[in-house]
Amino acid sequence: MTMIHKNEGLRAWLLSEDFTSPRQARAHKAYVSWLRFSSNPLAFGGLLVVLLLVLAAVFAPWVATHDPLAQDFALALKPPSAEHWFGTDELGRDVYSRLVYGARTTLYIAILVTVIVGPIGFVIGAAAGYLGGWVDTVLMRVTDIFLAFPSLVLALAFSAALGAGIENAVIAIALTIWPPVARLVRAETLTFRKADFVVAAELQGASTPRILFRYIVPLCAPSVIVRLTLNMASIILTAAGLGFLGLGAQPPMPEWGAMAAQGRQYLLDAWWLTAVPGLAILLVSLAFNLLGDGLRDILDPKHV
Amino acid sequence: MSDTDLSPTGHEARWQGLTEALRKVLTSVGVILTTLIGLLVLTFVIGRMVPADPVLAILGDTFDQTAYDRVYQELGLDQPLYAQFFHYVQNILHLDFGQSNVTKSLVVDDLARVFPATVELAVLAICIGTLFGVPLGVISAVRRGTWVDHLARVVGLLGHSTPIFWLGTMVILIFYAMLGWIPGGGRIDLYNDGLVEGPTGMLILDAALAREWEVFRSALHHILAPALLLGYAAMAYLSRMSRSFMLEQLGQEYILTARAKGLAQPAIVWKHAFRNIRVQLLTVITLAFCGLLDGAVLIETVFGWPGLGQYLTAALFYADMNAVLGAVLLIGLISILINLLSDVVYRFVDPRTR
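Note that the protein sequences, when read in sequence, are chains A and B. Residue 24 is where the first sequence starts when you use the numbering used here, and the numbers rise one by one after that. Residue 76 is where the second sequence starts when you use the numbering used here, and the numbers rise one by one after that.
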């Protein structure tokens, strides 16, 4: 009884709009956002799948039932069973365990690309938007050149030049993903550039980097976070496409795109080899899309 | 008007309009030129990044130092980078992309051979995407919140999230291997192959022109599955965009006026609102077309469609850099030209930009 009472006290404290401290105001904002987010079942489902992916990747050795690299030709191409939930591949490896370890590869690529692309997009976009003039022209021309290519084709060209491999795939994807982010930050920056608080900071003699990072970047952050979340889906699809063409993670490292490609040779005898990793890619990229849409609703009210 | 003294005279206005138009044309020409040069720089840089020694690729394993030096000089590798770049641009302007190490023919001939197949596929796919995607988007905007809207959202989300190479493989598994409804891949049945040659290289068109209906039917049968899959991806994007464009228009006051006048719903939707989103739609259709080239690379590989995408992936597999760069340059060029085209049409169609 006291527990419930306590909880209600916390809830009331969180929902109250008569703030007694900045901490309460922030907690209130976060809680209300969470309530709005969790009332959207699709976005919540997306979050769950993403959490599942993260858990599978982190705890892969415990979640997997077999060694993902252990070969056993006696068990090759066995259909799904109680022992091997998603069957076995042509080398007798357990598909379920490879799928779990493949989550690591997928997450590794998606996170690394995002970590590279976010700052680059911020710096280039904010510099172009805030400084304007020839800096803007030059930076946006460069952005346009990268945007002129379909992204997978450009990533293919870079991977071909750098050589196959997971790190090179990360670089190649990052090189194709940053232009839209920079564009977005520039557009956001343009709306704040002449705002009174920026002018006030300028009059106080704040340096350009200080204005960019203290005033402009935080204001662009919500829409960029939404964009980066939605980008995760396209990163995962591009990475899978590269893997499918043999340019991503190299065997024997499990990667979903490469697994699906490998399975094509045994399509008629062992459909699960292609179907299962493809479904995993679909599910995860769908989850990031739903999560991104949900985040947009709470973080970026302009677009609603 | 009270400010007549500020407005220029007729002659001045015309002169001003002319210089303004000239300035716009010059700016867009400048933009295209810099983008093209950027494209060349990018492909040049990619070509230089390759870790493999290009001399060894030509000579193979057995050679002596003098032969090595000779080829090294022939390739211009002893010259400074800017000279090499200049040389590269010169070659490209002469349509010299070098020789393919795999097909042993000139890359430009290879590209000319495979290009029509991709155009055929991509054009059909964008038509499918537009014909289904735009009406779906418009209807889901008009019937916002109903089952049509939800269906459109699901279709769009799945289209955004599905790995197209996987979907293609599953389609082959189900509709070819299990049901036998579609042919297994390629552009045409073996016994119809080579019956129709030229003039466009697009089999469906050529067969129709030559009145070879058997060939036409076979070609259509082969293109259907890959074109539908590519079209589906385009459709997902186009329906989402046309939905949001339509929602914006339907919220405008002129729509309210039209309703107040008692106009019928179809007239309001198609004659008033839709008319105003056509220009925006054109832009996103060109964007969708560029995105479709990405999907074409994967779909062509899955369906064994002998186009630009399959050529590119085969070249990648054999590290045939001349062929890779030629194909990449061509795809980049198409994207730029399509964007340019949409820009021109945009200016032509939208009275506000005149």
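Some hints here could point you the wrong way.
Unchecked claim - Computed far set for chain B versus chain A, every beta-carbon distance over 10 Å: (1) Arg98; (2) Thr110; (3) Phe240; (4) Trp241; (5) Tyr266; (6) Ala394; (7) Val420.
Said to hold, decoys possible - Cβ pair distances, simulated, as ranges: (8) B:Arg98 / A:Gln47: 51 to 61 Å; (9) A:Ala223 / B:Ala339: 48 to 58 Å; (10) A:Pro103 / B:Val419: 49 to 59 Å; (11) A:Ser104 / B:His225: 48 to 58 Å; (12) A:Ile194 / B:Arg188: 41 to 51 Å; (13) A:Asn63 / B:Leu226: 12 to 22 Å; (14) A:Glu40 / B:Gln91: 51 to 61 Å; (15) B:Gln140 / A:Arg164: 40 to 50 Å; (16) A:Trp57 / B:Thr221: 25 to 35 Å.
What the hints assert, rightly or not - Some chain B residues near chain A, calculated using beta-carbon distances under 10 Å: (17) Thr109; (18) Ile112; (19) Leu254; (20) Pro258; (21) Gly407.
These are calculated hints, taken from the structure and not from any lab test. Where a beta carbon is used, it is the ideal one built from N, C-alpha and C, also for glycine.
Status of each hint after checking the structure:
1. With a least CB separation of 15 Å from chain A, Arg98 (chain B) remains clear of the 10 Å interface cut-off, as annotated.
2. At roughly 6 Å from the closest C-beta of chain A, the C-beta of Thr110 (chain B) falls inside 10 Å, breaking its exclusion from the interface.
3. Some Cβ of chain A comes within 10 Å of the Cβ of Phe240 (chain B); the nearest lies about 5 Å off, and the non-interface call is violated.
4. Non-interface status of Trp241 (chain B) relative to chain A is broken: a Cβ of that chain comes within 10 Å, the nearest being about 3 Å off.
5. Once the 10 Å rule is applied to beta carbons, Tyr266 (chain B) is consistent with being away from chain A; the minimum gap is 24 Å.
6. Listed as a non-interface residue, Ala394 (chain B) fails to keep its Cβ farther than 10 Å from every Cβ of chain A; the least gap is roughly 7 Å.
7. At the 10 Å boundary, the C-beta of Val420 (chain B) stays outside the reach of chain A, the nearest C-beta of that chain being 18 Å off.
8. For Arg98 (chain B) and Gln47 (chain A), the Cβ-Cβ distance of about 57 Å falls inside the hinted range of 51 to 61 Å, so the restraint holds.
9. Checked against the hint of 48 to 58 Å, the pair Ala223 (chain A) and Ala339 (chain B) passes, with Cβ atoms roughly 55 Å apart.
10. In this structure the supplied range 49 to 59 Å holds for Pro103 (chain A) paired with Val419 (chain B), their Cβ-Cβ distance being about 55 Å.
11. Distance hint check: the CB atoms of Ser104 (chain A) and His225 (chain B) are about 37 Å apart, inconsistent with the given range 48 to 58 Å.
12. Between Ile194 (chain A) and Arg188 (chain B) the beta carbon distance is about 32 Å. The supplied range of 41 to 51 Å is therefore violated.
13. For the pair Asn63 (chain A) and Leu226 (chain B), the supplied restraint of 12 to 22 Å holds, since their beta-carbon distance comes to about 19 Å.
14. Against the hinted window of 51 to 61 Å, the Cβ-Cβ separation of Glu40 (chain A) and Gln91 (chain B) comes to about 57 Å, which satisfies the hint.
15. For the pair Gln140 (chain B) and Arg164 (chain A), the supplied restraint of 40 to 50 Å holds, since their beta-carbon distance comes to about 44 Å.
16. The supplied range of 25 to 35 Å is met by Trp57 (chain A) and Thr221 (chain B), whose beta-carbon atoms lie about 29 Å from each other.
17. The criterion of a C-beta within 10 Å of any C-beta in chain A is met by Thr109 (chain B), whose closest approach is roughly 5 Å, and the hint holds.
18. With a cut of 10 Å, the hint placing Ile112 (chain B) at the interface with chain A holds, because the nearest CB-to-CB distance is about 9 Å.
19. The beta carbon of Leu254 (chain B) is not positioned within 10 Å of any beta carbon in chain A (closest approach about 13 Å), and the interface hint is therefore violated.
20. This hint is violated: Pro258 (chain B) has a C-beta 16 Å from the nearest C-beta of chain A, more than the 10 Å allowed.
21. For Gly407 (chain B), the suggested interface contact is upheld, since its CB lies about 5 Å from the closest CB of chain A, less than 10 Å.
In terms of the numbered hints stated before, the structure departs from hints 2, 3, 4, 6, 11, 12, 19 and 20, listed from lowest to highest.
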